[in-house]
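**Q** For reference, the chains in residue letters:
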Amino acid sequence: MSLTKTITIEPVTRIEGHAKITIHLDDKGSVSDARFHVNEFRGFEKFCEGRLMWEMPGITSRICGICPASHLVTSAKAGDDILAIGIPETAEKLRRMLTLGQWTQSHALSFFHLSSPDFLLGFDSEPAKRNIFGLMDGHKDFIRRGIRLRKFGQEIIETLGGRRIHTPWAVAGGVREPLGVKERDHLLTWIPEAKETTFLALDTLKKIHEKFAQDIPNYGNFRSLYVGLVGEDGRLEYYGGKLRVRDGNGNTIADQLEPREYQKYFGEHSETWSYLKFPYYKPLSYKKGMYRVGPLARLNVCDYIETPLAEAERKVFNGLTGNLDVMNNSFYYHYARLIEILFAVEKIEMLLNDPVILSEDIRSKAMINRREGVGVCEAPRGVLFHHYHVDDDGVIQKVNMLIATAQNNLAMNRTIRQLAMQYLDGATITEGLLNRIEAGIRCYDPCLSCSTHAIGQMPLLVQLVDAGNKVVAERRRR
Amino acid sequence: MKPKVATVWLGGCSGCHMSFLDMDERLIELADKIELVYSPIADVKHFPKDVDVALVEGAVSNVENEEMARIIRRSSKFVLSFGDCATTGNVTAMRNQFSPDEIMHRAYVELADGDPTIPSEFTTIAKLLPQAKPLHEIIKVDAFLHGCPPTPDQIWFAISELLAGRTPELPNVYLRYG
Ligand code: SF4
Numbered sequence: 003m004s005l006t007k008t009i010t011i012e013p014v015t016r017i018e019g020h021a022k023i024t025i026h027l028d029d030k031g032s033v034s035d036a037r038f039h040v041n042e043f044r045g046f047e048k049f050c051e052g053r054l055m056w057e058m059p060g061i062t063s064r065i066c067g068i069c070p071a072s073h074l075v076t077s078a079k080a081g082d083d084i085l086a087i088g089i090p091e092t093a094e095k096l097r098r099m100l101t102l103g104q105w106t107q108s109h110a111l112s113f114f115h116l117s118s119p120d121f122l123l124g125f126d127s128e129p130a131k132r133n134i135f136g137l138m139d140g141h142k143d144f145i146r147r148g149i150r151l152r153k154f155g156q157e158i159i160e161t162l163g164g165r166r167i168h169t170p171w172a173v174a175g176g177v178r179e180p181l182g183v184k185e186r187d188h189l190l191t192w193i194p195e196a197k198e199t200t201f202l203a204l205d206t207l208k209k210i211h212e213k214f215a216q217d218i219p220n221y222g223n224f225r226s227l228y229v230g231l232v233g234e235d236g237r238l239e240y241y242g243g244k245l246r247v248r249d250g251n252g253n254t255i256a257d258q259l260e261p262r263e264y265q266k267y268f269g270e271h272s273e274t275w276s277y278l279k280f281p282y283y284k285p286l287s288y289k290k291g292m293y294r295v296g297p298l299a300r301l302n303v304c305d306y307i308e309t310p311l312a313e314a315e316r317k318v319f320n321g322l323t324g325n326l327d328v329m330n331n332s333f334y335y336h337y338a339r340l341i342e343i344l345f346a347v348e349k350i351e352m353l354l355n356d357p358v359i360l361s362e363d364i365r366s367k368a369m370i371n372r373r374e375g376v377g378v379c380e381a382p383r384g385v386l387f388h389h390y391h392v393d394d395d396g397v398i399q400k401v402n403m404l405i406a407t408a409q410n411n412l413a414m415n416r417t418i419r420q421l422a423m424q425y426l427d428g429a430t431i432t433e434g435l436l437n438r439i440e441a442g443i444r445c446y447d448p449c450l451s452c453s454t455h456a457i458g459q460m461p462l463l464v465q466l467v468d469a470g471n472k473v474v475a476e477r478r479r480r
Numbered sequence: 002m003k004p005k006v007a008t009v010w011l012g013g014c015s016g017c018h019m020s021f022l023d024m025d026e027r028l029i030e031l032a033d034k035i036e037l038v039y040s041p042i043a044d045v046k047h048f049p050k051d052v053d054v055a056l057v058e059g060a061v062s063n064v065e066n067e068e069m070a071r072i073i074r075r076s077s078k079f080v081l082s083f084g085d086c087a088t089t090g091n092v093t094a095m096r097n098q099f100s101p102d103e104i105m106h107r108a109y110v111e112l113a114d115g116d117p118t119i120p121s122e123f124t125t126i127a128k129l130l131p132q133a134k135p136l137h138e139i140i141k142v143d144a145f146l147h148g149c150p151p152t153p154d155q156i157w158f159a160i161s162e163l164l165a166g167r168t169p170e171l172p173n174v175y176l177r178y179g
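Read top to bottom, the protein sequences are chains B and Y.
Here this note's numbering runs 2 ahead of the position in the first sequence, where the first position is 1.
Here this note's numbering runs 1 ahead of the position in the second sequence, where the first position is 1.
Derived by calculation from the structure, the hints in this document are not laboratory data.
Keep in mind the model is a prediction, meaning the values are calculated, not measured.
Yeah, the Cβ is synthetic: ideal placement off N, Cα and C, and Gly gets one too.
A portion of the hints provided could be inaccurate.
[Said to hold, decoys possible] Just so you have them, the derived chain Y footprint on chain B, three or more residues with Cβ under 8 Å: (1) 110-116; (2) 149-155; (3) 162-176.
In isolation and in its complexed conformation, chain Y is listed as follows (with noise of 0.2 Å):
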């Protein structure tokens, strides 16, 4: 049986997933180690159960972030903190010296013509935790990945590591932030 991998997106800007994507002809490669079960770029609905690594992509920012990393953690034998978003709060926490109500007045009813609307169906969408937080913060993770975004070299060093049953000590030439 081919190792399960998920990879996960929260409060980040995608910049991770699209560069593990950049390691281009390499993914046909991985294609055949290992089995993709739970992925933006793919199309299973739930997280499965039994994921043997997760890669966390993003801050948790909101309730439904912060509900899916608990999901993570139940259900992966190995979890990655994925890019500076996961790993620091980074770009994502950038919000943090505001309240949720200030950012959003700014952008709903400060830059809003006509009648300013706050969203507020929180049925239907996530309601902003009043901080955005690294992943660790929330659930407990097995290893870091740094940068913004890693580089394709470190996700590719990361995950051999991984499949070959050792937890990724990085190199110092990958240990940058940025």
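Chain B with its partners taken away, still in its complex shape (with noise of 0.2 Å):
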């Protein structure tokens, strides 16, 4: 009979059953493989055939409620290709200004809402206490700020599209809406608060990086590609721009690749055991072609960030680098995550003191010019592309979407499996395993609505199963 074992750590509530970690173990005891199940599959590749595309922007937002926004503006500029047209530079402009709204609040609620309470009380305090409702002693006025912070964000949203989550404010050819004068002059009110509110999260982590100093190595410190959008002269990118691909020695590999030409450079790999797709990077294989995306890799990236405050704080990032001039541990996408939102609120401030923002040239007409259309934007959780085939009238043939979240996939996988390796102690599974697999995941603020419904903090049931499948050790955390 073999040997080999598998733990199984269910995550019950948080994910409510969406998603689950298995680690197997050779015969040996030692740790083989680790995997990250996702369960959820709702299928919008399918039933979005026959809509027309002008409904896809209201549609798709409903895949995920974190980062409507960005469902949103990825499908209008899929639409916009379809028009075949460009739109007016103020219709442009506002939907830079709605993306970098999501990234603020999506970033400030990883954060704030569901990071902080780890940091404040600690990765081994009561798990009834451990969520932002329990910071609320003791933290009040940490967490109001966060509150806050993510509140200037989902107004950005709200200001311009009536109302913060499913606006149906974009459209292919551009926005619906314009700015007026008394909104901007509302949200320009917000700027310093917001500045100073990032500040203080960005004390806060360093705190936390010199109290976890330790640990800090084993969380997904490994090599891997990194894909994000640039600008043409390197810049960090969010909406438009081409995309970089650099490798974990820091080598730029590919850059200024064509979004539309995506299918050229990432294949989808699927597995019997997730839902979740493995995205890897085509021109090395399967596996090999492991990547990241999101806020490490596009800081991993990017030669530079146009703002000051953020691009000064990119510098003390890149510091952290080594020699290798690329970020290779997870941990640091909090920290990524961080400048960002400076980055966003810098650029906010610069986009609402521009007198364009107020132009009420916001949409251009076309009829339907191309059967296919590719749209592309960096959401907070990393590059999301859609990609429509239409008939003549419009109509939906066929969709695909390479969501953000997924092309993480092959890297939470090793992370876990880091993890794993690092913590596991025999067939014990102890209280600190659970801890830091939790941890290593939450790095990659996974957006599981996009792909598989997990936020917050991740209650686990770990069971080590023998290959009879009976239960020979088990430890759940409530």
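Two chains, two frames, some hints: make the complex.
**A** This is the structure:
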């Protein structure tokens, strides 16, 4: 009889059973594999067929309540491509601002609402308290500021789109409503507070880096490729630009790739044990082509950030990478995320102060001019593609979407394996292992509703199961 | 004792939960009035036995959603169907015009490159139900909150009414879908 064992980590509540982790041991008891199973599937790619291209921004924003504005903008851009037109300057700037409002609210959620309970209360604090409500005794001011930073991001979206979640504001050809003077002035009043709160978050995180200095090297610390949008001159992009790929040594291996040709560069593998696909960089093979996207990747692929405060902080970040010029440690996703909030706030300020932002020339009109369109945008968690085929009337024939979180799937699996190898002690499942796996996954801030549905913290049930499916050890945390 | 409140996320996009967080500073006030005993934003693993109010987002789309819905009903005094997916099936039910096999085939075979593989390891992942259903087709619910998502004001109103011991009778302004 084989002695192979499987450890199952089953987060039942936080993701309502939508994701699960198994750690596989070989007959010597060493970790042979780790799998992050995603449990949720809603079938957008099929049921969008037969809908009108014009409805797609509204439908696809319902993929995700955390980053609906990113799906909205990406979908509208795929529509622009089908109309084969450029959009007015003001429309582009307004869409850019929406995208940055989306980054701000989503990154604030990740840091303040979801990760800071671990940071402020400690990984081993009482689980019942370890959430945003638990922080309200003792850390009320900190959490109020975080709530307000997220609110600022949401107010950008609400001011432009009329509602915070699932606004239908962006459309193929531009946007529906312009920005008024009064609203512009109101948004500007937020800027000083938003910067101050972001600096508070940065200070808090730097203390965390010191506190966990010994642990941090084990959190998904490995070389991989990085993919993100950059401008022609290599600046950090979030709405336009083209794709750059860097390797784990900091070498640029491909640059200015045309987003419309993404299928040439990215393949999507699937496995029987997860609904989440496994995208990879095609010129290398599956697994070798593992790449990371999102804040860490964006800071790794860009040459500079166009706003001064964020650029100064990026240099500090870059100084932590030694001589590689890329940060290979996923714990620093948190740091990258905060630098991106700083950039978003500064850039929103610039956009608001640009007189053209108030123009009412916000929409170009055209008929269906192409049968195929691709939209791309940097969503909070990484580069996002929507790809539609339509008929002459704009009725959707086929849809493909490459979602940010999925592109980190191989890296998330690798991170769990690394943590299990480091912290699994024989066949005993320790609290320390559970904590670290949770924290390891949370680095990626997986927007699992785009693909799986997990936010917040991961309550765990870990089972050590032998080959005959008998539970030989169990540990659960409530 | 503060009333015990749970929020649950079934087959939805989390937008209803995000709208809950959009109550912003009112969340701080809420923390004094309720105990959040179970939620995707909290860390408790098992649905507790004695929940006063459960807000349930999302349609019932797979076998685990269905099992969870029954657990919620057994363990909660008041179940609120939270948002349009829970209430009508909404976007999650748009797949119902196709069979699960058809939508899986599209995603994992027709759009695959290399070896097409259909997720099928149902010991680790949840099997889709033939149709995604609104919550009240699976369990009895005590009230409905419309909207995709319901607005923060609507959620605040409903929770305040429940805390005052009343079933929320939504004023007309809150009776909208979408
Ligand atoms: S009702 Fe709307 S916001 Fe709520 S889960 Fe469904 S799609 Fe998302």
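**Q** Compare the structure with each hint and give your call.
**A** Right, here's what the structure says about each hint:
no. : hint    : verdict
1   : 110-116 : holds (count 3)
2   : 149-155 : holds (count 4)
3   : 162-176 : holds (count 4)
The structure agrees with every numbered hint stated previously.
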